[in-house]
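Novice: Chains A and B, in that order, are what the protein sequence lines are.
Okay, so the first sequence: first residue is 1 according to our numbering, each after it adds one.
Okay, so the second sequence: first residue is 1 according to our numbering, each after it adds one.
Simulated from the structure, these hints should not be mistaken for lab results.
None of these values were measured; they are calculated from a predicted model.
Incorrect hints may appear among the rest.
[Stated by the list, open to error] Estimated spans, in silico, between C-beta atoms of each pair:
1. A/41 <-> B/136: 19 to 29 Å
2. A/302 <-> B/136: 54 to 64 Å
3. A/227 <-> B/31: 19 to 29 Å
4. A/307 <-> B/31: 45 to 55 Å
5. A/306 <-> B/224: 16 to 26 Å
6. B/212 <-> A/229: 40 to 50 Å
7. B/224 <-> A/305: 17 to 27 Å
8. A/138 <-> B/182: 38 to 48 Å
9. B/184 <-> A/162: 43 to 53 Å
10. B/228 <-> A/82: 56 to 66 Å
11. A/66 <-> B/191: 48 to 58 Å
Beta carbons: idealized from backbone N, C-alpha and C, even for Gly.
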Amino acid sequence: MMSESIIIAEISRGAIAPVTAELVSAAIALGTTPTVVVPCMDTSTADGAGYEGVARTIAIKGACFENYDASSWAAAIDAASPSGIIIAAATPQSKDVAARVAAKRNLAIVQDVVAIDGRNLTSPIYSGKAMQTVAISGDAAISIRANVFPAASAGTANVSVVDQSGDVATAVQEIIARASTRLDVAEANIIISGGRGMGNPANFSHLEKIADVLGAAVGASRAAVDTWDEIPHSMQVGQTGKTVNPNLYIAVGISGAIQHLAGMRSSKYIVAVNKDADAPIFSHADYGIVATWEETLPVLESALSAMMS
Amino acid sequence: MPNIVVLVKRVPDTNARILVNGDRVDLSAVKWVISPYDEFAIETALQHKEAAGGSVTALTLGPSESDKILKDAKAIGVDEISRVWNDSWSEMDSNAIQTALVQAITELGAEFVYCGKTAADTGAGSTGPGIAERLGWASVSNITNASFHGGLTVTSPAENGSAIISVSGNAVISCDKGNVKVRKPNVKGIMMAKRAQVNVVSADAPASSVSIVSQSPPPAKPAGKKYEGGSSAEEVAKLLRDEANVI
Ligand SMILES: Cc1cc2nc3c(=O)[nH]c(=O)nc-3n(C[C@H](O)[C@H](O)[C@H](O)COP(=O)(O)OP(=O)(O)OC[C@H]3O[C@@H](n4cnc5c(N)ncnc54)[C@H](O)[C@@H]3O)c2cc1C
Ligand SMILES: Nc1ncnc2c1ncn2[C@@H]1O[C@H](COP(=O)(O)O)[C@@H](O)[C@H]1O
Chain A
1 MMSESIIIAE ISRGAIAPVT AELVSAAIAL GTTPTVVVPC MDTSTADGAG YEGVARTIAI
61 KGACFENYDA SSWAAAIDAA SPSGIIIAAA TPQSKDVAAR VAAKRNLAIV QDVVAIDGRN
121 LTSPIYSGKA MQTVAISGDA AISIRANVFP AASAGTANVS VVDQSGDVAT AVQEIIARAS
181 TRLDVAEANI IISGGRGMGN PANFSHLEKI ADVLGAAVGA SRAAVDTWDE IPHSMQVGQT
241 GKTVNPNLYI AVGISGAIQH LAGMRSSKYI VAVNKDADAP IFSHADYGIV ATWEETLPVL
301 ESALSAMMS
Chain B
1 MPNIVVLVKR VPDTNARILV NGDRVDLSAV KWVISPYDEF AIETALQHKE AAGGSVTALT
61 LGPSESDKIL KDAKAIGVDE ISRVWNDSWS EMDSNAIQTA LVQAITELGA EFVYCGKTAA
121 DTGAGSTGPG IAERLGWASV SNITNASFHG GLTVTSPAEN GSAIISVSGN AVISCDKGNV
181 KVRKPNVKGI MMAKRAQVNV VSADAPASSV SIVSQSPPPA KPAGKKYEGG SSAEEVAKLL
241 RDEANVI
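So here's chain A without its partners, still in its complex pose (with noise of 0.2 Å):
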């Protein structure tokens, strides 16, 4: 008998995110047979979680998921979930409930997951300094990376409603948003990220120019963060930034210090623009350009206008 699986959905939005058909491909690759499972306010939300190879869908319709509160969202979870390896999506929510719902099945968690082999599991240790695969015997709980496993087919959701809340332990007093509109390096499958070397933060207006052409977020290395008052911490990338994994990473002005690598070397492409043609960044870089930001940014924001429009 093929052994069980529990997919958390990811949403993002409101919407089931794109990150919850790559998790159901690690499922198939672990030998299970997963059931996804739809944290939601709205029963709809589940309509979109249907995918080739899953049988079952089931919304968990609770009070509770308003707002982000780990505890209640564990309890709902749990006790509306079958037995079996817990599979949810590497970011830092799905991480942390993913957890919770661990440690109250008594059940150890492997976090971020890169590659699956039968019941091997491999993640980066040391911020991605070295690669560790384990294995793990009887029901585990897991995080898979996004952009990693390829995504599973759409199909029709069978879904079943499971009316579940649990006791809310925190209260949200007030929701800030971010006042730029733009994407959460978290979030985005590009991002073009500026350092020091950008001379000044209001020159990030052309880092902002690209990211518009191709939907990018803005990052930052942690000395333009620490330097200038208007680049934000949470733009920040590295060892006390963001880890991120993004399709394409461009970095602008980067030296590529090892705690800047840390939060970004896994990013599948890579870009570079650096007037040093020694600088780091290169070593790690797909595609690196060794020239000042003023003389390469316009050239390559032309260039990409023409080719998005």
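Fit chain B with the ligands to the supplied structure of chain A, relying on the hints for placement.
Specialist: This is chain B with the ligands only, laid out in the frame that chain A set:
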């Protein structure tokens, strides 16, 4: 007056080169430090105590080599230092680590636990929410700010921005970098730390169901293409579309 515990872990300095020898990392030559996010946890715990009274105990799970980072925490200003260990432990999975930490936290009588958002070695972020679940407590992860007047209020990222969240009752809070400036040890703290006694507690842990198969260097990237001059950006844009297929 709250009894506060802060979790600290001994990890290789983030500047250290991580070498792999055979199929395991070789950490024999690295410098060891308190995991960077745990420094924010210490600072937040100390601020909590300064606002509300009580005491702060730094707790680690690890062998005696970890005493050094506990003394470092003492020098920064925590009141007590505790270490939980059992000589039969080796490669523990998250279930084993959390089970053991929860016993020590319960024994200490903690009402609030602060920890790092992720440890610099595992990068996991499992411990805070995991122990909160086992304790039956609330948890908020990855906070960037905390205030303690009229109860605990924290700021943590939310979709599209950040949420200001009030926490009533006991809680586990994991700390991101945020806006706090961490204090450095002063001379008096360093002197006190020298004489400080580590309170060693024992605990039981279940057998691990996750075992390490191998550790390896990250896959080497094939050498990239390098161009001179800003005008090459046009060529690179084409490659991004036609070769990399990412735009
Ligand atoms: C515990 C710890 C945690 C850290 N965490 C992080 C982190 O999360 N994220 C992070 O980024 N860093 C982090 N750092 C800092 C890190 O070590 C580096 O200091 C930082 O990444 C450097 O940022 P930078 O590359 O923008 O600046 P610099 O190192 O100053 O590099 C600027 C680069 O811009 C280039 N340049 C200058 N002018 C131009 C121009 N006109 N056109 C093109 N290129 C130009 C230069 O050649 C240079 O390579 C951390 C450090 C420590 C100790
Ligand atoms: N062995 C340990 N001893 C003490 N605290 C720990 C230990 N492991 C993890 N922690 C705490 O939990 C945080 C997150 O760790 P992790 O879940 O491994 O990413 C760390 O920053 C520490 O605060």
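Novice: Hint by hint, note whether the structure agrees.
Specialist: Hints versus structure:
no., hint, result
1, A/41 <-> B/136: 19 to 29 Å, "holds, 25 Å"
2, A/302 <-> B/136: 54 to 64 Å, "holds, 59 Å"
3, A/227 <-> B/31: 19 to 29 Å, "holds, 27 Å"
4, A/307 <-> B/31: 45 to 55 Å, "holds, 47 Å"
5, A/306 <-> B/224: 16 to 26 Å, "holds, 24 Å"
6, B/212 <-> A/229: 40 to 50 Å, "holds, 44 Å"
7, B/224 <-> A/305: 17 to 27 Å, "holds, 24 Å"
8, A/138 <-> B/182: 38 to 48 Å, "holds, 40 Å"
9, B/184 <-> A/162: 43 to 53 Å, "holds, 52 Å"
10, B/228 <-> A/82: 56 to 66 Å, "holds, 59 Å"
11, A/66 <-> B/191: 48 to 58 Å, "holds, 51 Å"
In this structure, none of the earlier numbered hints is contradicted; all agree with it.
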